[in-house]
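Enquirer: Each chain is listed here by its residues.
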Amino acid sequence: MPIWLTELEYATLRAACARMMPSDQGAPGAEEAGVADYIDGFLGAFSFDPPRIWAGGPTSGRQGGEARFGSFIALAPLDELAWRMRIEGSQGRPEREFNGPVIGLQQRYRAGLAALGEDFADADMADQRHRLEADEEFCALLWEHCCEGMYGAPEYGGNRGGVGWAYIDYEGDVQPRGYSDAEVSGP
Amino acid sequence: MTADAVIIGSGPGGATAAEVLTRAGWSVVVMEKGRNHLLDPDDLTRPSGDYSNDEIKFISRHFLGPDPLIEPRAFRRSADEGEHTHVGEVNSIPTTVGGGGTHADGKVPRFREEDFRLRSVLGPQDGALVDDWPLDYEGLEPYYAEVERVVGVAGRAGANPFAAWRSGPFPMPPGPPMYGAVLSSAAAERMGLHPYEAPTAANSVAYDGRPACNNCGFCAFFGCPIHAKGDPVALLTRAMATGRVELRPETYVSRIVVEGRKATGVEYIGRDGVARTMSARVVIVAGGAVETPRILLLSGLEHPLLGRTLMVHFQTIVVGHFPDKRLHPHKGRAVTHVHDDAMIQDDAARRAAADAGLPWIRGGMVEHSGGGLPIMEARHTPWGSRHGQAMRESNLRERMWAFIMQGEDLPYLTNTVDLSPSVRDARGFPVARVTYEPGHHELAASKHHGKILQSVLEEMGAEWVMHTSSPGVSYHGVGATPVPDSRHVMGTARMGDDPATSVVDRWGRVHGLDNVVVADSSVFVTSSGYGPTLTLVALAARAAHHLAGTSPEARRDPG
Numbered sequence: 001m002p003i004w005l006t007e008l009e010y011a012t013l014r015a016a017c018a019r020m021m022p023s024d025q026g027a028p029g030a031e032e033a034g035v036a037d038y039i040d041g042f043l044g045a046f047s048f049d050p051p052r053i054w055a056g057g058p059t060s061g062r063q064g065g066e067a068r069f070g071s072f073i074a075l076a077p078l079d080e081l082a083w084r085m086r087i088e089g090s091q092g093r094p095e096r097e098f099n100g101p102v103i104g105l106q107q108r109y110r111a112g113l114a115a116l117g118e119d120f121a122d123a124d125m126a127d128q129r130h131r132l133e134a135d136e137e138f139c140a141l142l143w144e145h146c147c148e149g150m151y152g153a154p155e156y157g158g159n160r161g162g163v164g165w166a167y168i169d170y171e172g173d174v175q176p177r178g179y180s181d182a183e184v185s186g187p
Numbered sequence: 188m189t190a191d192a193v194i195i196g197s198g199p200g201g202a203t204a205a206e207v208l209t210r211a212g213w214s215v216v217v218m219e220k221g222r223n224h225l226l227d228p229d230d231l232t233r234p235s236g237d238y239s240n241d242e243i244k245f246i247s248r249h250f251l252g253p254d255p256l257i258e259p260r261a262f263r264r265s266a267d268e269g270e271h272t273h274v275g276e277v278n279s280i281p282t283t284v285g286g287g288g289t290h291a292d293g294k295v296p297r298f299r300e301e302d303f304r305l306r307s308v309l310g311p312q313d314g315a316l317v318d319d320w321p322l323d324y325e326g327l328e329p330y331y332a333e334v335e336r337v338v339g340v341a342g343r344a345g346a347n348p349f350a351a352w353r354s355g356p357f358p359m360p361p362g363p364p365m366y367g368a369v370l371s372s373a374a375a376e377r378m379g380l381h382p383y384e385a386p387t388a389a390n391s392v393a394y395d396g397r398p399a400c401n402n403c404g405f406c407a408f409f410g411c412p413i414h415a416k417g418d419p420v421a422l423l424t425r426a427m428a429t430g431r432v433e434l435r436p437e438t439y440v441s442r443i444v445v446e447g448r449k450a451t452g453v454e455y456i457g458r459d460g461v462a463r464t465m466s467a468r469v470v471i472v473a474g475g476a477v478e479t480p481r482i483l484l485l486s487g488l489e490h491p492l493l494g495r496t497l498m499v500h501f502q503t504i505v506v507g508h509f510p511d512k513r514l515h516p517h518k519g520r521a522v523t524h525v526h527d528d529a530m531i532q533d534d535a536a537r538r539a540a541a542d543a544g545l546p547w548i549r550g551g552m553v554e555h556s557g558g559g560l561p562i563m564e565a566r567h568t569p570w571g572s573r574h575g576q577a578m579r580e581s582n583l584r585e586r587m588w589a590f591i592m593q594g595e596d597l598p599y600l601t602n603t604v605d606l607s608p609s610v611r612d613a614r615g616f617p618v619a620r621v622t623y624e625p626g627h628h629e630l631a632a633s634k635h636h637g638k639i640l641q642s643v644l645e646e647m648g649a650e651w652v653m654h655t656s657s658p659g660v661s662y663h664g665v666g667a668t669p670v671p672d673s674r675h676v677m678g679t680a681r682m683g684d685d686p687a688t689s690v691v692d693r694w695g696r697v698h699g700l701d702n703v704v705v706a707d708s709s710v711f712v713t714s715s716g717y718g719p720t721l722t723l724v725a726l727a728a729r730a731a732h733h734l735a736g737t738s739p740e741a742r743r744d745p746g
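Protein sequence lines, in the order shown, are assigned to chains A and B. Start counting the first sequence at 1; every next residue gets the next number (the working numbering). Start counting the second sequence at 188; every next residue gets the next number (the working numbering).
Be careful, since some hints might not be right.
Derived, one-sided and incomplete: chain B residues facing chain A with beta-carbon distance under 10 angstroms [stated by the list, open to error]:
no., residue
1, T232
2, P234
3, L514
4, K518
5, A543
6, P546
7, T568
8, R614
9, K634
Keep in mind that the hints were calculated from the coordinates and are not lab data. Idealized CB from N, CA, C, for every residue including glycine.
So here's chain B without its partners, still in its complex pose:
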């Protein structure tokens, strides 16, 4: 059998490519190394029933994968540290049908115009490959609009004064604000900031056959039991409905087979453990910015930038304690409000940059969020007598509120994904090794914007405030693990017109190969400070439309 396309990975990027291509009449096979816990195998429009509000299953027991014993990753901060300093979980985006979309809390902001033109707008930074993208917001907007309608995004146009222009309204209004976010947004406004309802792919009303979110609170790191989260369920089920997609879970692609300028198909290990080959006219790689370079390297592809300029979003975490309030952050969507002020160049940011000896600093979108569930809280509450009382008072869960800034992470050649020389996965293949440490820019931006966020929590009434980051850095003292927690991974197969300075072209096609397309955040040139999902989905839609010779759908009534 020869498929029109084999798509490696069923996460947001792969699901989008499948949706667009099947709509255009292509027959595609989606190979996903993880299991299917997302869709009912007997009725692919319905939830499988495996997802649940279960902290043990999802947080303690790796239900969405990857299991670090089966598919570990290696980590080090720099080559100076030797082969690796850590083996286990590193940026572990779920390995399961639906990929990273399954565990995400569903915030899906668009990038803004300047995110695609950072070098032109702000200029270079020493030691970083700050470049413009080979496309602009105007060109991507129709794809943003299309995928927002398919996925179903709740939001309010005009709520964010810094937002890029949009060709139409959000498909549905925002959901209910969390109590804590009502308070933190009011405090932020009093401090001159501009909080707004986060664009979220969780239904505020019934949409496209899926129900409205019922506020159960198990969003971030959990699969949605009722499919109120649209990414990538909506994309996958639409593709399935065409009858032209075959979804193969537990199918591990070990190599893309390349002859000259063409890929002829893929080698894979099926559910039965047997290695086989499948032919395809086109191979689409959508494993995420760690697994995609890994599979390209396993396939023997060579490019000096393949696996380089890994970006993760440097997370600034500022936590406040509110002893006289119960903020119940476990009720409702994980994050309902954000603000973008830290991405705007104002006098204070310019002074902070100058003080740090940098031409500019740029933070990221700030999430207003509470945190934690009881097991997580208990682990950080001392054992012995008083444990029960402390849990009942719930200082770490009910009485905390936090800002998490997803800071722009610059593209450095020294932050990389390559193949571990010694660590293997259970199938015997080399695992990905991540080499990452933040640069001067990330630390300076975190320090400056962290102070502003501290003052907002004080304005909100915090008794005390703590500032930390992920990855941890020594001056914070707490949270000091050097392995970044961020699941936003980008940039390891950057896009550009010049084959010497980019791995893929403006359509995601690998330079030098006619029919291998990357459809995930590996292609990002810069990281922005916005979550990458909607942008990678829009780019995947754009790449797939280009392959199929089609255009984004005209607006339709979302029904």
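The following block holds chain A by itself, in its conformation from the complex:
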């Protein structure tokens, strides 16, 4: 069950992410990493308390220390205002429109996914690329979030099991272990 998207939107999003980041020659793709779940979780960040905007710290437990990333940080009132404006849009509320209306990510995704077409997931690869490239602005937004969902911390819902990092030989968060002086200075 998606968190915020409808089932149809979620299916379209999964296909779009997989088209941008396909599993290819051994490289994990958006499907394996759960990139669509990252985006759906971001759009539905306010379904959780505290909202899933900022993962906790200082350590994830992957390199020692406590597993704290999953304890998301509570938002202050102005943080909540900012992130509701960004995700939900201003929706005509005066307190969110001090510099004019703001179109939220939810609305941009709803419109962008609808424009890809209900049959997007079943379209062939060339057609999918063509449809994605037809809306440059939505394509750029989706790509930005695909990159976060593939290479960001797994606690945000993507990069499942660290597959994105593992394939590029990147250790991710390394506190509290860090790197030795020899690792820093040597080839």
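We have chain A; now place chain B onto it with these hints.
Expert: Chain B alone, transformed into the frame defined by chain A:
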């Protein structure tokens, strides 16, 4: 309640003022509009635990603030462009407890003697207010020495042949060099340049109760999870330890209340959203060179130079590609080596200046650095099949090395900070509008020194080299956004003895007001080509000692 001093801003300047004044017995209130993610509220000597190695949180999601939806800024290159051409992030130094110190990678060089005497040493430039400062290096040296000891700076005296004299050694030795910097330094030396270990406020050994840096690599744009970066943690925690400072996060000063020649206190909006007034004997403004003029303008202060001569450091960025190497720039401090040769007047620089029709050109400190983290790299790697392979090859992250020169930016009257006529922050106040474009000098210096840096990367073995800048200029083609990326902002309340040609006096006190002091880089007369932090911290210490009638601490064992 009347505080001895209200300090606006908890960044390096405000934290320094708090440290010096509380040591002298003053009771101060530090008002910080951002949140506290730096210190554990239950034990202010310890990290809060909120900082982490998390690219989404810090880079994509504005964790250190300011959020551009809540506190945007407006930008234009010149008045000819109309009210503004961009609204959003502009030189956004963190809005959080610790301010710009939290996200800085910790390079803290001192200025040199000539940086304070540019007009006397090099002479004027048409269209720029190149002036000497009303103080010199000799007078500032004891304050440099004091703040280096408090913050904890790693470095090696004598490593930089161009450095100013110092009264003592660095408090600790340099940390481990990055692999890429070992290679680029060797290439630079072969080309006759003089790279050295960057003076860095990141502990190479345990220092003053804080641990040694463990090389996690999340320095620039991230808060340090273990407080190995000393600026301004060390200053704030020392001030807290006196019991004479009250730190108020999420407290927004909207106005300094002035009656005649005196400020009586500040109006502020607290965490509860309620507007109140606090009385203070002295008001210290340390919001940085964009927010400080903004608050002085919001308070009704008038001076023809207030908000003018904004300087940002014109960044020359030269990138080389090394297909046969993995340089792993994500391991270790963000920058471990720099060189100062571009600030030295040699025959080539004199010829380049003459060719450009200028009396002289001056570049800046050159940082040897790699760059980027995976999300950043992925965004610049095409999507579709081959994306994963390209990321694994990592041409943009592991196989790149770069020089970034923080070029001296001359003080022009046309580069300004003022109040936006229409854009507001979430609390309803006008935001800062930045009007900035580089002048002939900055472009000529960038062109000349960029070519030298290109040849160094070629000597290092680069397959190809690219030269760009921030702000972007048309002849580079890439990186062409006119909004400068530099977080080094200076000069909008310049210091001087003559009230007609300066906003504050030699002690940072606003001319015409007895008890309002500016304690940040707004007071800089010229920008130098060195990062501004240590100099603004030394100036803040000097201003605070002057207020308190105290002198810098004599040398002590750093323990």
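Enquirer: Decide, hint by hint, whether the structure agrees.
Expert: These are the hints, each one checked on the structure:
1. T232: This interface hint is violated because 16 angstroms lies over the 10 angstroms limit.
2. P234: 7 angstroms, holds
3. L514: Result: holds, 9 angstroms to nearest chain A Cβ.
4. K518: 5 angstroms, holds
5. A543: Interface hint status for A543/B: violated (38 angstroms vs cutoff 10 angstroms).
6. P546: 42 angstroms, violated
7. T568: 8 angstroms, holds
8. R614: 9 angstroms, holds
9. K634: 32 angstroms, violated
Hint compliance for this structure: hints 1, 5, 6, 9 are broken, all remaining hints hold.
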